[in-house]
Amino acid sequence: MARLSVDTVTRAFGAFHALDRVSLDVRDGEFLAVLGPSGCGKTTLLRSIAGFEKVCGGSIAIDGRTVSSRTEHVPPEKRRVGIVFQSYALWPHMTVAENVGYSMRVARRPREEIARAVATALETVGLTGYAERAPSQLSGGQRQRVALARCLVQSPTLVLLDEPLANLDVHLRASMEDEFADFHRRTGSTMIYITHDQAEAMALADRIAVMDRGRLVQVATPQELHSRPATEMIAGFIGGGMVLPAEARAAGPDGTCHVRVLGLDVGARCALPPAPGPVKVALYPRDLSLRAGGEAGIPCRVERCVYQGGAFRVDLVPEAAHDLRLTMLAGEDDRPAAGDAVRVGIERAWVIPGAGPSA
Amino acid sequence: MSMTATAAPPAPWREQAFIYGLAAVIAALSLLPLLRLILEGLAQGGELSFSAASRVLSAPVTWTALRNSLETAIGGTILAVALGGGVALVVTLTDMRARGAFVFCFVLPLMIAPQVTALAWLQVTGASSPLLNLIGLAPPLGARNPLYSREGIILLLGLQYAPLVFLTLRAGLRALPREMIEAGLAAGAGRLTVLRTIVIPVMTPPIVASVALAFVSCIGNFGIPAFLGIPGRYTVLPTLIYQRLSGLGPGVLSEVAILSLLIGAVALVGIVVQDIMLRRRDFRVVSSAAGAQPFELGRWRLPVEIGLWASILAVLIVPFLGLLLTSLVPAYGVPLNARTATLENYAFVLFEHAAAKRAFLNSFLLSGAAAAVIAMLCIPLAYFVVWRRTRMLRALNVVAEMPYALPGVVLAIAAILLFLKPLPILGVSLYNTIWIIFFAYLARFLVLGLRPVVSAFHQVDRALEEAAQVAGAGLAFRLRTIVVPLVAPAAAAGAILIFLTAFNELTVSALLWSSGAETLGVVVFSFEQGGDSNYAAAVSVLTVLVTLAIMGLLAGLARRLPPGVLPWRD
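Here the protein sequences line up with chains Z and B, keeping their order.
Numbering follows the numbering used here, with no gaps: position 63 of the first sequence is 63.
Count along the second sequence from 1, add 1000, and you get the number used in the numbering used here.
One or more of the hints may lead you astray.
[As the list claims (entries may be wrong)] With a straight-line Cα cutoff of 20 Å, these simulated SDA-like cross-link-like pairs (lysine to any residue) come out:
no.	chain 1	residue 1	chain 2	residue 2
1	Z	LYS78	B	THR1481
2	Z	LYS78	B	GLN1016
3	Z	LYS54	B	GLN1016
4	Z	LYS78	B	PHE1477
5	Z	LYS78	B	ARG1462
Don't read these hints as lab results, they were simulated from the structure.
So that you can see chain Z by itself, here it is in the shape it has in the complex (with noise of 0.2 Å):
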């Protein structure tokens, strides 16, 4: 188990900010997963404190123990950090056993004791009686067990993990996420996940790292990244969410708040109340609902009702404003048509704090 602490970390290519003053910090046995889309940095995040990349300003410390900063630099093999690659990097020269094996054989450990480890680890990863063969013999899930296999003979107090589903067809990915919860949960390791997944993180981590541009915008609980997104850009990644502006009117009770959206008066949940004026709230389809004649509400034109295995997701243009979206959910019975004139309610709401007009 081992804590790592990242402190304003900053990485620069020429004038392109991969990482821009980074600072994380992540507790023992920790699962964390590094979320944001492509480019975001979160790969040069992971080589950083695999050693790969040297970091231009900041530091990198694993148990306390500085590994990178401007002066210093702890070469990869000398940090005892295990990683599971997104192109599994097994040795295609070596069978399954030798891959396995190598950092013991690295390590310069009798032989008997390494073929034990190497039976423990395949056995753990439910591929017994696969040690003899080639990697080239192997399917893409097999390929991956192979490599965390690898890792686990390791035994490292810190697994990091590029993309390890990325190469993996849709329905092999469910389990191998059990896979890694399995692992997980049985060497207490630390371990942190680059994803650009947003399902894959809320189903494995502890807590979620957004990153967007080279920057660290949000460190949180699943549920809590989900109900309480920190941007504008976290709010419109997660979950199909909705980024609308809006009034803010006055402040309620228990960190509530009076704002209006789209002319309809709206109670919703915020950080901090906001100063009355322009504000952006977040929310998800299934916070809004259709009103009945006399009810208050938006009013929208149905623009198209596609179904969606279940349900069906409506989508809607506010009559005040044309260049908006708004989508919901609706049933078999109760959905409108293309074209229809109907009025929408918002049944909950978060106000994104610190984004008015000028963000």
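For this one, chain Z is given, so just place chain B on it according to the hints.
Below, chain B alone, put in the same frame as chain Z:
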């Protein structure tokens, strides 16, 4: 960029020492000889002076040789481009059959030494030609061989380098997206219109590059003008250098240095043009994109195929049959038939003639050792160049091209200048020993070994090394257990290419050999100059057999190699 470089902590000292050591070796092989030669051009014998330069440049023979060099190089280039380019278009764009076998046969002459090609053609066309004698068409004894002329040199240069043009263009044509051709056809253009308005214009860079490559190869060729031009009193720059040096000795070193700088300057123009046109592309690496739908030849298919194979018969089979028959003739002028045919020439060169016996051993050892040493240098060098992007070695990687790209005589003269005096500190002289040839082979063929390894590194996922690093393995352990096994097939292919090329080499050793340090090329050349064509033919046949045998062995390795490493494999 400099900001990040100064901010980053330094690499461990042991790795730094390794990099500097490697850089020193590469610089000694590539940079040092060229610098020494340039120094000689500016300051002969240590003084800044232009007296030797003005003497050489005011001699009419210099300008005659330069004119002859340009004439034969331009003529040979035109022939090579016409032949190689035409065949590349037909082979790549049409539905001819047995393409693989044809490509192998067409490219084969590239693996055979120019002097052997020259010898083979002389045997077919001369008065004593066993082939012409068999059909009663031989010119009368004593008649001058028509190949001893400018036209003869141009013809053989063209045939020798047509495969080089073919390979460059074929790689380019294969990388041509098929959609481009299909879009032209869909727009209603006929096949010839598509060829004229789409294929040829898009192919301009590889065409220009192949012209430049053929020109550089022709201008630096020594074997063909040596065999055809010296008897025909038609002197080109490389043969002029050879004749001055072998006739007058190292006293004229300053003058031949000027001559070799002259030929180097002419070649450099071609090298620069070629480099610009093929920048960032290894011409032997074939793109993986699907090739264009072949044009159907229809009823022309059989005639085209017959024409192509007839050309193989004419440029490959007939000359080498002539060579083989000559090697079986007991003595010059004796007609060959079942009763006179003999293997005594082979017995003589293999077991009796001291220099020939030595030459077999010398060439085997020189080529084998050069191949092994270069393969061992190239793996770490390519590793730092491709994966680690070490700046100093990347610069040297470019310089390492020069000793191979420039004509062989240039490197040979540079090596003499370097080693004429005993080495400083050690006090040992390499001049007039086999070691000067070994040095020149290392310098000249380094890039032949380097290119396949570099392309292998480009194709291997670097995460394979990073995974080993994460497992705790240091640089030396990673190189041994991960990197070397991954690129070993490419390094082996490079080593075999070096072996084949060095084994058949004449240009460098013709200027550097000494008694006891003969190579096979030198022995063939001396036999032919002394009128012993039969012995020359016997040695040549043996070298061709060795070459073919090694190419056959390589077929087994072919599947494990990145595409394009073996030039003759389609």
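Checked hints:
| no. | hint | verdict |
| --- | --- | --- |
| 1 | Z:LYS78 <-> B:THR1481 | holds (18 Å) |
| 2 | Z:LYS78 <-> B:GLN1016 | holds (18 Å) |
| 3 | Z:LYS54 <-> B:GLN1016 | holds (17 Å) |
| 4 | Z:LYS78 <-> B:PHE1477 | holds (14 Å) |
| 5 | Z:LYS78 <-> B:ARG1462 | holds (19 Å) |
Every hint, counting from the list given before, is met by this structure.
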